[in-house]
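Chains as they are written, first to last, in our numbering: chain A, 37 to 321; chain B, 357 to 623.
Derived from the structure by calculation, the hints contain no laboratory data.
None of the values given here were measured: they were computed from a predicted structure.
For every residue, glycine included, the Cβ atom is placed at its ideal position computed from N, Cα and C.
Errors might be hidden in some of the hints.
[What the hints assert, rightly or not] Cross-link-like lysine-lysine pairs, in silico, DSS-like; alpha carbons within 30 Å at most:
#: 1; chain 1: B; residue 1: 622; chain 2: A; residue 2: 116
#: 2; chain 1: A; residue 1: 129; chain 2: B; residue 2: 589
#: 3; chain 1: A; residue 1: 187; chain 2: A; residue 2: 129
#: 4; chain 1: B; residue 1: 589; chain 2: A; residue 2: 128
#: 5; chain 1: A; residue 1: 116; chain 2: A; residue 2: 238
#: 6; chain 1: A; residue 1: 59; chain 2: B; residue 2: 616
[What the hints assert, rightly or not] Here are some chain B residues the structure puts well away from chain A; computed CB gaps all over 12 Å:
#: 7; residue: 392
#: 8; residue: 398
#: 9; residue: 403
#: 10; residue: 405
#: 11; residue: 411
#: 12; residue: 519
#: 13; residue: 587
#: 14; residue: 593
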Amino acid sequence: MEQNVLLSLSHISKRFKTEQALKDINMTLHQGEILGFLGPSGAGKTTTIKIITGQLRQTSGEARLLGTDSSNIDASIYEKIGVVSDNSGIYKKMTVWQNLYVFAGIWQVSRERVEQVLAQVGLAEHRKKPAGKLSKGQTQRLVLARAVLHKPRVLFLDEPTSGLDPSTAVAIHRMLLELKEEGMAIFLTTHNMEEAAKLCDKVALLHDGEIVEFGSPQEICLKHNRNKKYSVLLEGHRELELDQNPENVRKIAGWMERDEIMRIHSCEPTLETVFLEVTGKELNV
Amino acid sequence: MNSLNGNMQSMEMSAYHSAQRAGNLHKLAAVARIKWLCISRNAMIMIGPVLVIGMVYVCKILYGINSGGTLVPFMRGVLLNIGITMNICAEGFIMVGTSIAEEKESHTLRVLMTSSITGIQYFIGSILFPFMMLMAVNYFVLFISGIPMDIVPWGSFFFVSMVVSLTSCVLGMIVGICAKNQMNANLISYPFLMVFMMVPVFGNMSEGLHRISGFLFTGVMTGMTECLAGGEKYVMSSLDIAVLFGELLISILVFLVLYKRNGYEKD
Ligand SMILES: Nc1ncnc2c1ncn2[C@@H]1O[C@H](COP(=O)(O)OP(=O)(O)OP(=O)(O)O)[C@@H](O)[C@H]1O
Ligand SMILES: [Mg+2]
């Protein structure tokens with residue numbers, strides 16, 4: 037096995053009573069890598085996280101986390117991983133500081149580390165506030181702070197930025213990138229394609245319990261860039277969309293020479309259009 | 357040579373285990389701290405012991421006024437019974453049960469379980485503070501009930517009080533494991549309350565109830581306090597011991613069976 041593989045899934049499937057939630061999931065996560073699990077609601081993102089972190093048992097297949105099979109995970113694995121689920125709770129009656137400090141007790145983390153994390157998520161001035169009084173974004177940051185308090189090797193985040201305003205989301209992205217720099221591997225789920233494209237080294241497009249596309253956001257987009265197109269805005273506000281062919285190239289060159297072009301860009305697909313394309317196809321089958 | 361190696365190994369092993377145990381103590385302490393912070397801030401729960409002590413104290417004064425300052429032994433027994441059973445049942449089941457239900461409601465139980473806290477650490481951490489509270493209130497009620505202290509069999513009182521409080525905490529864990537939220541926890545507690553509180557309290561009023569009461573762990577406790585209130589010497593019978601340990605064991609078993617099935621929380 038490769039040296040820095042922290043997580044590997046092979047042929048994971050999960051069947052609930054009436055439905056097949058996951059079909060055949062295969063993937064690996066390396067140190068210092070951010071992997072995004074993308075998919076529409078009900079695709080099986082949360083189910084996957086729960087299986088990997090030992091909160092749910094797979095029907096078949098193997099998930100290895102830090103060298104241990106996740107079906108016989110014991111509590112000590114949680115000293116090395118951080119988990120933020122889609123409904124991770126906080127102790128509302130405790131202060132922000134206490135919320136972190138009690139977990140510092142569990143992981144034997146120093147006061148200084150608590151201070152450090154508190155500053156990192158920008159909650160230092162709210163330390164004395166009861167956690168129940170925090171805003172949604174602040175609560176999410178507190179949950180994140182708690183999950184990284186013990187410097188886990190792998191961090192699992194189930195929709196870390198859903199329902200947050202753009203500036204808080206950006207702050208969280210910045211923090212995740214910092215953590216990645218420190219060598220942490222991050223596994224996150226999201227509905228947000230833009231976020232994934234910006235943040236993730238690898239993304240997996242999940243649809244109906246299957247990974248329909250896997251790779252770096254760039255790779256995926258380029259792969260689906262089959263018929264190249266250019267969008268051109270000419271003087272007089274004429275907007276054109278032109279396919280790549282010799283005739284159009286000559287046309288564009290002519291406009292350029294006469295300085296008639298106000299705006300031009302290539303129309304390669306975004307993660308979002310790829311996703312719609314891929315999942316749309318799947319639906320048509 | 358071999359045996360030396362073996363010794364070395366076992367020494368290393370035991371060092372390893374004690375280091376591990378020390379680590380576990382940290383986790384236990386952390387859970388206990390969390391529980392203390394939660395329970396002590398939950399007015400619904402904390403009002404209980406205050407109510408018990410207040411009630412016993414006020415009743416004592418009121419009855420005392422009517423009967424010229426001294427309580428008849430029967431009254432003393434009733435007071436002590438009510439105080440102690442109320443403490444053990446209402447406080448035990450509810451304090452432990454609701455605090456677990458509260459953690460389910462706020463989704464923090466899952467957080468704890470995914471932060472390297474084991475089931476047994478959560479169990480012990482959860483009942484530590486309520487257990488000490490129950491013990492303390494038991495003694496408090498004993499002191500203010502007006503029973504002459506020189507007839508109290510301290511050893512037996514401590515022993516019975518301890519086993520009974522522990523049983524009540526374990527029953528509270530069962531309530532907690534079954535409950536989905538705090539309302540639900542109260543609802544589940546009521547049948548336990550009816551049996552373990554009402555039967556011993558009204559035990560002195562009917563022969564039938566009195567007999568049943570002898571087979572309940574709370575009944576063993578009230579049996580002892582009735583003796584004390586009547587100024588008699590209390591001698592623990594083997595039935596008492598069997599009931600105490602039997603019910604503690606049964607409740608632990610029921611808890612384990614439930615825990616093995618779904619953990620603390622069903623997914
Ligand atoms: N405990 C369960 N019992 C039965 N079915 C379940 C259970 N948990 C999840 N499912 C089903 O499995 C499928 C995948 O659910 P999952 O929560 O993993 O989706 P998701 O990708 O996280 O969606 P979302 O983006 O809305 O959070 C859904 O159809 C869901 O109904
Ligand atoms: Mg989900």
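Inset, instruction - For the pair supplied as a hint, residue 59(A) and residue 616(B), confirm whether the alpha-carbon distance does not exceed 30 Å. - result: 28 Å, holds
Inset, instruction - Quickly compare the C-alpha distance for residue 187(A) and residue 129(A) to 30 Å and report which way the hint goes. - result: 26 Å, holds
Legend entry - 12 Å Cβ clearance of residue 519(B) from chain A: 29 Å, holds
Inset, instruction - Classify the label on residue 411(B) as holds or violated, using whether its beta-carbon is more than 12 Å from each beta-carbon of chain A. - result: 27 Å, holds
Legend entry - Reported absence of residue 403(B) from the contact zone with chain A (all CB gaps over 12 Å): It holds; residue 403(B) is separated from chain A by about 16 Å at its closest Cβ, greater than 12 Å.
Legend entry - residue 587(B) remote from chain A - nearest C-beta pair above 12 Å: At about 46 Å from chain A, residue 587(B) clears the 12 Å cut-off, so the statement holds.
Legend entry - Outside-interface status for residue 398(B) - nearest CB in chain A farther than 12 Å: 8 Å, violated
Legend entry - Assertion that residue 593(B) lies outside the chain A interface [Cβ separation over 12 Å]: Answer for residue 593(B): holds, closest chain A Cβ roughly 43 Å.
Inset, instruction - Verify the proposed pairing of residue 116(A) with residue 238(A), using a straight-line Cα cut of 30 Å. - result: 22 Å, holds
Legend entry - Exclusion check [residue 405(B) not at the chain A interface, CB over 12 Å]: Residue 405(B) clear of chain A: closest Cβ-Cβ about 19 Å, beyond 12 Å.
Legend entry - Pair hint outcome, residue 589(B) versus residue 128(A) [Cα-Cα no greater than 30 Å]: 50 Å, violated
Legend entry - 30 Å limit on alpha-carbon distance, applied to hinted pair residue 129(A) and residue 589(B): Violated - the C-alpha atoms of residue 589(B) and residue 129(A) are around 47 Å apart, more than 30 Å.
The structure does not agree with the numbered hints 2, 4, 7 and 8 stated previously, though it agrees with the rest.
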